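Assemble the whole structure, with the sequences as input and the hints as a guide.
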Amino acid sequence: MEATVVKTGTEGKTWGGGNDPLKASYGKMMMWFFIVSDALTFSGFLASYGFSRFKFVDAWPIPDQVFTHFPFLHGVDAPMYYVAFMTFVLIFSSVTMVLAVDAGHKMQQNKVIFYLFLTIIGGFIFLGSQAWEWATFIKGDYGAIETKGGQIVQFLDKEGERVALRDFAAVASGERTEQSKENGIWFKSESEYYPSVSFDQVKAGFLANDNLLVRIQHKDEHGQHIVLNREESIAKVVNDGVMVVEGANLRHNEYGHPLFADFFFFITGFHGFHVATGVLINCIIFFNVILGTYERRGHYEMVEKVGLYWHFVDLVWVFVFTFFYLV
Amino acid sequence: MAHEHKLEIFRGALKFKSNVSKIWGVFVVLSIVTTVEVALGIIRPDFLVDHHFLALRLLNWVFIILTLFKAYYITWDFMHMRDETAGLRRAVIWTSIFLIAYLVTLILIEGDYIFEVYKNGFIKFNF
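First to last, the protein sequences are chains P and Z. Residues in the first sequence are numbered consecutively from 308, following our numbering. Residues in the second sequence are numbered consecutively from -19, following our numbering.
No farther apart than 30 Å at their CA atoms in a straight line, the calculated lysine-lysine pairs in the DSS-like style are these:
| no. | chain 1 | residue 1 | chain 2 | residue 2 |
| --- | --- | --- | --- | --- |
| 1 | P | 510 | P | 455 |
| 2 | P | 418 | Z | -5 |
| 3 | Z | -14 | P | 330 |
| 4 | P | 335 | P | 320 |
| 5 | P | 413 | Z | -3 |
| 6 | P | 413 | Z | -14 |
| 7 | P | 335 | Z | -3 |
| 8 | P | 335 | Z | -14 |
| 9 | Z | -5 | P | 335 |
| 10 | P | 455 | Z | 99 |
| 11 | P | 543 | Z | 99 |
| 12 | Z | -5 | P | 413 |
| 13 | P | 320 | P | 330 |
| 14 | P | 465 | P | 455 |
| 15 | P | 330 | Z | -5 |
| 16 | Z | 99 | P | 526 |
| 17 | P | 418 | Z | -14 |
| 18 | P | 418 | Z | -3 |
| 19 | P | 330 | P | 413 |
| 20 | Z | -14 | Z | -3 |
| 21 | P | 465 | P | 526 |
| 22 | P | 330 | Z | -3 |
| 23 | P | 543 | P | 526 |
| 24 | P | 418 | P | 335 |
Across the chosen pairs, the derived CB separations fall in these ranges:
| no. | chain 1 | residue 1 | chain 2 | residue 2 | range |
| --- | --- | --- | --- | --- | --- |
| 25 | Z | 0 | P | 474 | 47 to 57 Å |
| 26 | P | 533 | Z | 41 | 18 to 28 Å |
| 27 | Z | 94 | P | 549 | 23 to 33 Å |
| 28 | Z | 12 | P | 495 | 52 to 62 Å |
| 29 | P | 604 | Z | 73 | 23 to 33 Å |
| 30 | P | 413 | Z | 94 | 48 to 58 Å |
| 31 | Z | 34 | P | 487 | 54 to 64 Å |
| 32 | Z | 67 | P | 456 | 51 to 61 Å |
| 33 | P | 490 | Z | 15 | 50 to 60 Å |
No lab work stands behind these hints: they were computed from the structure. Just so you know, these numbers come straight off a predicted model, no measurement behind them. Glycine included, every Cβ here is placed at the ideal spot set by N, Cα and C.
Written as structure tokens, this is what we have:
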């Protein structure tokens, strides 16, 4: 058998194998390379968001005017406070995670349990906040009119405050006819999504109320949406308006360009999915720590590897926060 | 596993006695930066909004730079990149930075081109 063994002449040298130049274990290195590939995925998403935004750069929604809600504070204009809170939650859960990793290095089982528990709680708070953020975004607030060209027209009073459709729409004159399969096209059923007021009600209410103006998607040189004067407003609503939009979905979005909502759902959704899997993995190793798995193994490297993933989720949020809410 | 931690941040301007206190120090830094970002996002100072550099408002440059600053400290201290070997660090960081910079540059230029076509071409988006 000895004849089949090939000697390379590199035994004991650098190329002879057995040394690890990166001084990282297999699992940790693979986690890093997974993170690199995932980072490229997210940058692909954010770059495509940037593409669409640059394409409609003079008509993109202003985040300060979109995310203005805070739980339990109804009617209070609180731009971005809630997202800032979410950011702090995620950064803080990153801190507790890195403290758990540090305690793991020192083989302090109880401290690892405590910090991992806090990390999981932070993850759940973040997920709940995101659910609330989505629900608020989908439900909408003031409502708007969409034009033939798919542009959004929002209503303001003379002081520049937003006015909700329900506050000025005229009382319905006729009954709303539901579409049934017997009348009309057989394969089309009643749409699941329809607004609380009809376009005609809004138009009538708008014409009757001299105090109302409209704001269009296009922006002036200061980056603010242009507010039309009364005559232009009437012309816009009467000539171009076609439908009422309340809230946001993948096709219509009362806050502005539909692509804004599409990317919002897609990117924050994909990030939320990462947070959810992160919480799941955190729970698994949490129970492993309680059961003493890593104590018996002699090291807590698994906590460190999962920690890398968790920090990466935080890192992605830092970028999502900047490009969706700040810029 | 019990490898050494480098306990300095800001190029040695700030030294910590233990890894735990360094973690809290970095948390304070990240919190301050986030607070500044949110404050700037709410106030939106006129000077930063009305002046441009390379087709972007100065305010957006401030946000992007602060974001990269935060990303650096999350990677270096929370993800322990500071303690890894130079080989692993460069394999991860430079790969991502070059690819992302390339992708973003090309795609944003293309987006801007389409904007110009909509604005100055025959296709109008004003109805």
